[in-house]
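Asker: From first to last, the protein sequence lines stand for chains A and B.
When we follow the working numbering, the leftmost residue of the first sequence carries the number 1, and every step to the right adds one.
When we follow the working numbering, the leftmost residue of the second sequence carries the number 1001, and every step to the right adds one.
If you're looking for bench data, these hints aren't it; they were derived computationally from the structure.
Nothing here was measured: the structure is a model prediction, and the numbers come from that model.
There could be a bad hint or two in this list.
Said to hold, decoys possible - Cβ pair distances, simulated, as ranges:
# : chain 1 : residue 1 : chain 2 : residue 2 : range
1 : A       : I10       : B       : I1138     : 38 to 44 Å
2 : B       : P1074     : A       : F282      : 41 to 47 Å
3 : B       : S1040     : A       : L6        : 43 to 49 Å
To be verified - Chain B regions said to be covered by chain A (calculated; three or more residues, Cβ under 8 Å):
# : segment
4 : 1014-1023
5 : 1033-1041
6 : 1107-1113
7 : 1183-1193
The beta carbon of each residue, even a glycine, is placed where N, CA and C say it ideally should be.
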Amino acid sequence: MKAGALVENIRMSVRSIASNKVRSFLTALGVMIGTGAVIAMLALGAGAQKSVEGSLQALGSNLLIVYSGQPRGGALIRRSTTNIIPTITDADIEAIRRLIPNLITSLAPESSANGQAKFGSTNVNVTIVGTGVDYPLIRNVRPVTGSFFTPADLDGKKTVVVLGAQVYQDLFQNAGDPLGQKVRLNGLSYRVIGVLERKGNSTTDSSVFVPITTYKRYVSGADKYALVNVQAASVEVMREAQSAIEKELLRLHRLPTMDSADFYIANQLDLLNTLQGVAGTFTLLLGGIAAISLIVGGIGIMNIMLVSVTERTREIGIRMALGAKTGDIIAQFMTEAIILSVGGGLIGIGIGYGTSWAFSKFGGIASEVNLLAVILSFGFSVLIGLFFGGYPAYHASRLDPIQALRYE
Amino acid sequence: MITVKNLSRHYQMGPTIVKALDDVSFTIEGGEFVAIVGPSGSGKSTLMNILGCLDSPTLGSYVLAGEEVSHLKPNQLAEIRNRRIGFVFQSFNLLPRETALENVELPLIYQGVPLKERKKIALAMLERVGLEGREKHIPSELSGGQRQRVAIARALAASPSILLADEPTGALDTKTGVEIMELFHALHKEGSTIILVTHDPGIARQAERVIQIQDGRILKDLPSKEWAA
Ligand SMILES: Nc1ncnc2c1ncn2[C@@H]1O[C@H](COP(=O)(O)OP(=O)(O)OP(=O)(O)O)[C@@H](O)[C@H]1O
Ligand SMILES: [Mg+2]
């Protein structure tokens, strides 16, 4: 086809679309909604993926947790750690510590028990966590007031405590300076040296943290640890660090393989992969449903184009009588279908952006429009115009000129 | 210019065959003005459609300007309609949403004539049929006679070698019909080959030659003076 003919086709199509505005709008509406839905849904999926990654980062980076006992589900962070029967020894900790600095950067053993915290006449049930000085670093939790305990506190088995955000709120009603105040844990008086930022998970927020040495002396006599928080040196060495720890601990525990081990290691990577997989499936599902609506929009175009071909049978006959060839008629109706679907697609992109913005703004749902999704769904809407406009156009081109001229 | 030989057009209607055209032969030279007459249903439009390459004969041959066209494919026929034939219909067959000028441009569009040149030719054609100043009007804003003038301008736009008109005055009142006939006469004087279908013996007499058909066969083929006698 000549370039002039293309311009001519576009001009004719625009005229025909403009001469029936309401119908043209309704025809394109399906594609608009379809394209908009695809973009918005993929944006929602991408947002979900981002927020999954974000909340996982909040747990700490490059986190490995060596748990006592047999594996329990796939959770990285166990909801309750107070009922773990500790199997991890000081020798284990030392063995893991020897992996610094090549494979790991720091570690913090952790044991916990249920207990009661009392300030004045207020009583709260808490989880008393004994741990090391690197805990805030590894688990990505910072004191908002005061500080975490120091190596000196640990060495001196000091009775100092750092409060979780919820515990602080419950005991102090968020009022007054807690630093230096005395809080009783299971009857023994501890000096408050810090309050942690709110993490939004009940486990951390409703815990109180004491030096692990203090914990072993006053809270639980056991000399083994429930778990060890380990920060790997980098993402790349996480697997290596995990297997090195497994190897060391198996040797120390005189065990042949991980199958019979009395400990297991939860790896942040595994969880990340699982969650990303879930978010990916979610995206695919939403995108798939939206894509179906796009196809339905295409069928709408085909439907209207078929009606339009029938209505314009006489016009087609006239054009044929004046020398329009099969290709000219096909090109004319295809151009019309493509203009409708491309126009619908462009408006749909706007709808997609708007919806995604509204999700974030008013729904508080993370969503992020992906340029690839925009290009993809737009391309898809063009294809739909080609595909679903194709049949009506072909149908029009096959009309017999005389029959078409006689059509009333 | 036109030679048809043993031309037939049959329609299968259930078990029976309708012979709309039955073994028709004649030759029309360039520059002739021929009227085709006959009662309703005699096959005049069928013949015109074949001459206009809108339809193909069931049997026989049709040679147009030295080329056998009876077995051409749809796109080849479209090409011939576009370049060699100007067709004027009883019901005008203008595109209702396009202006007079755009209607006249149509055959040129399908020839791929560039916009500027196309406009120039179309304007000249509208002027030729006496419609200067009306080029921006759409058909519903024009009278019947004016619409037929637009249709004639459109038929002339591609400078075809033959002008075919199937009852061009059939939808017009007598006075307007006379004006349209004057236009055909003028075109004939300028050298156009004109074949015109009519019911009206008065119009047929204005041609140089009359072909009278009945039941798909040629009854008479005479110079108009002899036919009228
Ligand atoms: N598509 C068709 N299918 C079947 N029969 C047809 C078809 N077209 C025309 N005919 C028949 O062919 C015969 C000739 O028709 P045609 O239209 O050529 O007549 P006409 O001379 O132009 O008549 P009129 O003066 O009324 O226009 C008629 O009997 C008609 O019924
Ligand atoms: Mg007829």
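Asker: Please go over all the hints and tell whether each is borne out by the structure.
Answerer: Each hint, compared with the structure:
The beta-carbon spacing between I10 of chain A and I1138 of chain B, approximately 20 Å, falls outside the hinted interval of 38 to 44 Å. A hinted range of 41 to 47 Å is violated for the C-beta pair P1074 of chain B and F282 of chain A, which are about 53 Å apart. Under the hint 43 to 49 Å, the C-beta atoms of S1040 of chain B and L6 of chain A, about 44 Å apart, fit the expected range. Figure legend: the segment 1014-1023 of chain B, annotated as covered by chain A; annotation inconsistent (0 residues with Cβ-Cβ distances under 8 Å, at least 3 required).
For the segment 1033-1041 of chain B, the proposed coverage by chain A is not satisfied: 0 residues have a C-beta within less than 8 Å of a C-beta in that chain, short of the threshold of three. Remark: the segment 1107-1113 of chain B is confirmed as covered by chain A, as 5 of its residues place a Cβ nearer than 8 Å to a Cβ of that chain, reaching the required three. With 0 residues bearing a CB less than 8 Å from a CB of chain A, the segment 1183-1193 of chain B misses the requirement of three and the coverage assertion fails.
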